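Q: Here's the letter readout for the chains.
Protein chains: 2
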Amino acid sequence: MRTSQTLISTLKETPADAEVISHRLMLRAGMIKKLASGLYTWMPLGLKVLRKVERIVREEMDAAGAIELLMPVVQPAELWQESGRWAQYGPELLRMHDRHTREFCLGPTHEEVITDIARNELSSYKQLPLNFYQIQTKFRDEIRPRFGVMRAREFTMKDAYSFHIDQASLEETYWVMHRAYSNVFDRLGLMYRPVEADTGSIGGSHSHEFHVLADSGEDDIAFSNESDFAANVELAEAVAPNIERPAPSQPMTELHTPGVKTIEDLATTQGIDPAQSVKTLIVAGAQEGDWIALVVRGDHRLNEIKAEKLPQVASPLRMAEEQDAIKVCGAGFGSIGPVGLSIPVVVDRAAAVLADFACGANKPNYHLTGVNWERDVTAAHIADLREVVEGDPSPDGKGILEIKRGIEVGHIFQLGQKYSEAMNAQVLDANGKAQTLSMGCYGIGISRIVAAAIEQNHDDKGIIWPDAMAPYQVAIVPLNMQKSEAVAQAAETLYAQLTDAGIEVLLDDRNERPGIKFADMELIGIPHRIVIGDRSLAEGQLEYKHRAAPDSENIAVTDTLTVLMSKLGLA
Amino acid sequence: MRTSQTLISTLKETPADAEVISHRLMLRAGMIKKLASGLYTWMPLGLKVLRKVERIVREEMDAAGAIELLMPVVQPAELWQESGRWAQYGPELLRMHDRHTREFCLGPTHEEVITDIARNELSSYKQLPLNFYQIQTKFRDEIRPRFGVMRAREFTMKDAYSFHIDQASLEETYWVMHRAYSNVFDRLGLMYRPVEADTGSIGGSHSHEFHVLADSGEDDIAFSNESDFAANVELAEAVAPNIERPAPSQPMTELHTPGVKTIEDLATTQGIDPAQSVKTLIVAGAQEGDWIALVVRGDHRLNEIKAEKLPQVASPLRMAEEQDAIKVCGAGFGSIGPVGLSIPVVVDRAAAVLADFACGANKPNYHLTGVNWERDVTAAHIADLREVVEGDPSPDGKGILEIKRGIEVGHIFQLGQKYSEAMNAQVLDANGKAQTLSMGCYGIGISRIVAAAIEQNHDDKGIIWPDAMAPYQVAIVPLNMQKSEAVAQAAETLYAQLTDAGIEVLLDDRNERPGIKFADMELIGIPHRIVIGDRSLAEGQLEYKHRAAPDSENIAVTDTLTVLMSKLGLA
Chain A
1 MRTSQTLIST
11 LKETPADAEV
21 ISHRLMLRAG
31 MIKKLASGLY
41 TWMPLGLKVL
51 RKVERIVREE
61 MDAAGAIELL
71 MPVVQPAELW
81 QESGRWAQYG
91 PELLRMHDRH
101 TREFCLGPTH
111 EEVITDIARN
121 ELSSYKQLPL
131 NFYQIQTKFR
141 DEIRPRFGVM
151 RAREFTMKDA
161 YSFHIDQASL
171 EETYWVMHRA
181 YSNVFDRLGL
191 MYRPVEADTG
201 SIGGSHSHEF
211 HVLADSGEDD
221 IAFSNESDFA
231 ANVELAEAVA
241 PNIERPAPSQ
251 PMTELHTPGV
261 KTIEDLATTQ
271 GIDPAQSVKT
281 LIVAGAQEGD
291 WIALVVRGDH
301 RLNEIKAEKL
311 PQVASPLRMA
321 EEQDAIKVCG
331 AGFGSIGPVG
341 LSIPVVVDRA
351 AAVLADFACG
361 ANKPNYHLTG
371 VNWERDVTAA
381 HIADLREVVE
391 GDPSPDGKGI
401 LEIKRGIEVG
411 HIFQLGQKYS
421 EAMNAQVLDA
431 NGKAQTLSMG
441 CYGIGISRIV
451 AAAIEQNHDD
461 KGIIWPDAMA
471 PYQVAIVPLN
481 MQKSEAVAQA
491 AETLYAQLTD
501 AGIEVLLDDR
511 NERPGIKFAD
521 MELIGIPHRI
531 VIGDRSLAEG
541 QLEYKHRAAP
551 DSENIAVTDT
561 LTVLMSKLGL
571 A
Chain B
1 MRTSQTLIST
11 LKETPADAEV
21 ISHRLMLRAG
31 MIKKLASGLY
41 TWMPLGLKVL
51 RKVERIVREE
61 MDAAGAIELL
71 MPVVQPAELW
81 QESGRWAQYG
91 PELLRMHDRH
101 TREFCLGPTH
111 EEVITDIARN
121 ELSSYKQLPL
131 NFYQIQTKFR
141 DEIRPRFGVM
151 RAREFTMKDA
161 YSFHIDQASL
171 EETYWVMHRA
181 YSNVFDRLGL
191 MYRPVEADTG
201 SIGGSHSHEF
211 HVLADSGEDD
221 IAFSNESDFA
231 ANVELAEAVA
241 PNIERPAPSQ
251 PMTELHTPGV
261 KTIEDLATTQ
271 GIDPAQSVKT
281 LIVAGAQEGD
291 WIALVVRGDH
301 RLNEIKAEKL
311 PQVASPLRMA
321 EEQDAIKVCG
331 AGFGSIGPVG
341 LSIPVVVDRA
351 AAVLADFACG
361 ANKPNYHLTG
371 VNWERDVTAA
381 HIADLREVVE
391 GDPSPDGKGI
401 LEIKRGIEVG
411 HIFQLGQKYS
421 EAMNAQVLDA
431 NGKAQTLSMG
441 CYGIGISRIV
451 AAAIEQNHDD
461 KGIIWPDAMA
471 PYQVAIVPLN
481 MQKSEAVAQA
491 AETLYAQLTD
501 AGIEVLLDDR
511 NERPGIKFAD
521 MELIGIPHRI
531 VIGDRSLAEG
541 QLEYKHRAAP
551 DSENIAVTDT
561 LTVLMSKLGL
571 A
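Protein chains in written order, with UniProt numbering: chain A, 1 to 571; chain B, 1 to 571.
There could be a bad hint or two in this list.
Same chains, same names: a pair is fine if it fits in one copy or spans any two.
As the list claims (entries may be wrong) - Only pairs whose alpha carbons sit at most 30 Å apart, straight line, appear in this in silico DSS-like list of lysine-lysine: (1) Lys-433 <-> Lys-12; (2) Lys-398 <-> Lys-309; (3) Lys-34 <-> Lys-433; (4) Lys-363 <-> Lys-327; (5) Lys-418 <-> Lys-309; (6) Lys-34 <-> Lys-418; (7) Lys-483 <-> Lys-545; (8) Lys-12 <-> Lys-126; (9) Lys-126 <-> Lys-483; (10) Lys-545 <-> Lys-567; (11) Lys-34 <-> Lys-126; (12) Lys-461 <-> Lys-126.
Keep in mind that the hints were calculated from the coordinates and are not lab data. Computed from a prediction, not measured in an experiment: that's the story for all the values here.
So that you can see chain A by itself, here it is in the shape it has in the complex (with noise of 0.2 Å):
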């Protein structure tokens, strides 16, 4: 393509209501144009962008087995009441009526059509197992539209849902996604984990979140330096310390500490190692007027999460306020501790292996120093209840946890019987016998990839895409070209041995100054450049640069096909 036969509508300036590194860099490139709130018109740059992540998907769905379908966009109340969203759904869900006022709602999601289908469709296990997918427009009217099409109300998803006879089929389905969405991660150049994610209400025994990793993402996700282990910080197991605890050497002694409220405190004006100290929290008890007293580290974080899993809490979890502490404790927040109190005391794994560490005194002003466990308060119930941080054991024994952002771009969820059973989807079994489809469903936010990968991969000067996703692989800026025949003639021979050889170009033909076309091209965020000027033309070179590389280098005008075909791994 040349730039003067396409649209290249780059800004120089920041737009206004741009929050977010991709966002701004979209607009900026001529990527996206904001049409109303979270609608987006992909102009052709972006398109070509979108339309790669979608092409990898689909090749990676197909050879995974996956049956494409497409569904359509606005779908009837009907299917939604049967399966009950249709009340239960909030405001994201757009409805309408058409002109007969039959009430139509526009698809966030596509599990009640699907499901439909499947029930019409099937009737023996002999069809199974089947997985259907789709690329395809979705709406969600979010009540704050953000981030560009990181978070916009229309937006373009892959969604697959799998149906199966038994549990055992879909699991094996599941880890075949597991495996497609990777090879799409892969392809694709991001860095990426698929994450254990919590499987809440709908159950299931398997949920994992595909997470771009990247400075602004929303997700702290806790993964091992030398496996595949990935988690959600809030889901990352916290493994026993492996130390034997050691030997009281202190006795337990009273300290008078006004006006410290908060373990801090108590390591700026006692000198206390935090984590030499415990910190105890009062949450409710699964018993209606119980307590519980739930002891952490000084230097940890409750994990709420997990918290709320023991048999001995309140779900949801709920925090005392501080009167209860009071009355349960006989002293306020800042003062608790776990020697002498009356209620059950759940010890966090890292804390339980302390010795000779600080706590509240149960009275107020007053903490304790010398605590040890056993001797002065018993830690009969110890569980995992703190967050994970960086340094911490991997769960799965292999190396260390690093924590980093990530933005979920997948998610993989075993759904098992919620709408086959809501909307009654059988098949009949080996024996003759009506048996409830069982569902998994795979969703990958097209779109958002584009984002992610912006979010992953840029600099000051703009995007920096990976050779797969890039609009262009290669961009070819004539310097001066409207003058130099020389130069013009080196640019159009490159462009059509590029081209010929399969490699997307963009030829900068335009008639502007050099800066001008650097920075476009360096906004736009094309893997490769090569320059053309008349200087190293002279010389028999032309001039080639990464994108992310600092330096440019020369090469000669001979090889420039050879050089790029491996640079792009092609050759």
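Based on the hints, put chain B in the right spot on chain A.
A: Below, chain B without anything else, positioned relative to chain A:
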């Protein structure tokens, strides 16, 4: 693909509410499934066809220099209010409001959105011409959706919009699009005609509809048997007969014709050839209160669009009531003729060369025979008034006209400044002066093409896909594959060979009777079929049959790939 790994769900029964053959066959072949009135899921087989049409359209649009983008399905009311169409568009425009009660619609077309983009992105004539297109989901809330995807509410369109500094540039792109559309339908392998269409109220000097020819079409298309000429019957010129009017040979004679009301009555009761008579119609004149008599040959039909364009005639055309005719002519319908009338008479070209013709006598129950122009009545105004009929000379002077029914699947159109003026879309011209953009628009009904192709290509067994549109080009039907190792092996070998050669093959590996497999492959319409059975295999032969051929032929196993490549036009 193997039938065991996809979903083949054909129906024996003809679905009750499917009125046209394409709808019936698409449902029976399992290409589409109805979700709600006018809303269809494209099932795996159908989607493969849809994608092939999409791909060919995309390739031809790209080759024609059009640039792909993707606009949202959901559009804000504001833009439609600006163009004036929010008020003009009827209930086909599905309107809705979001959670903040802002008004939106589902786009039936995208002139407003693209014009908004153009006015924001384009500033100079140097950027022009530009032609943007998208392939996208559209919604039109038809009052009575019918004929399956032929007239669905949700459908897939390719719509393109070009922008120009002047009419000359618009004309140029218009003809590029005309060529691109012809390429698309040529490549799809469909019989079609680009048909001159009425430019109607929007103006612009050209408009063409692209019609796929099929008996079930809604429009009558007249086209030359020797040239490219084609026009909607309503618009085709009936050229003046290339003959001299014969000299009168009979006296004008009054004939008592009680009960004769029509030309057919005159023929049956009096033996008068309709082609030797004229009929006279009274219509309102351009001046309030005036009446005009229009005369066409007895075997011809008045073309109302042509009549309406006469300067003497009121527009829209208004036929006289019988009491008006009696007042003006002295007789009612069935007895009117041109002789002795006091109102202006306009005579069709074919009627004007008659001699010794018959007509009403303007006297109840009487006709005249042996009437001659000039001698008995003047034919001062001669015009093209009638609809063309088969056998008429083509207006371009080449060949004669055939008339066939057509299904409109494409429309190219010069919009001129209708939207750019309403929405103030301007650029600076070479003199630095603001100029309102000229626009063209170019649509193709992608999903409709699939149905139209079936209307044109089917028999009583099912669909007959042109190679370019077939979901699979070749079907391999092994007989008794589950029991015969030789058959299974030959089938697998051929499947691998063809797949490696880039041919799309459906291997029917189901454990079904041959009759069921044959019927399914015929219904689905796969153009090339290979049957593999033990008997022919023993002789080193396979059976080949083209879907449209009456009989099969034997080919040597060793020649199969070569033969198929040649049948597919690939070698």
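Q: Look at each hint and say if it fits the structure.
A: Tested hints:
no., hint, in the structure
1, Lys-433 <-> Lys-12, "between (67 Å within a copy, 25 Å between copies)"
2, Lys-398 <-> Lys-309, "within (26 Å within a copy, 86 Å between copies)"
3, Lys-34 <-> Lys-433, "between (54 Å within a copy, 28 Å between copies)"
4, Lys-363 <-> Lys-327, "within (12 Å within a copy, 116 Å between copies)"
5, Lys-418 <-> Lys-309, "within (23 Å within a copy, 65 Å between copies)"
6, Lys-34 <-> Lys-418, "between (37 Å within a copy, 24 Å between copies)"
7, Lys-483 <-> Lys-545, "within (24 Å within a copy, 62 Å between copies)"
8, Lys-12 <-> Lys-126, "between (60 Å within a copy, 20 Å between copies)"
9, Lys-126 <-> Lys-483, "between (70 Å within a copy, 19 Å between copies)"
10, Lys-545 <-> Lys-567, "within (11 Å within a copy, 49 Å between copies)"
11, Lys-34 <-> Lys-126, "between (48 Å within a copy, 24 Å between copies)"
12, Lys-461 <-> Lys-126, "between (56 Å within a copy, 27 Å between copies)"
Going through the hint list in order, the structure satisfies each hint without exception.
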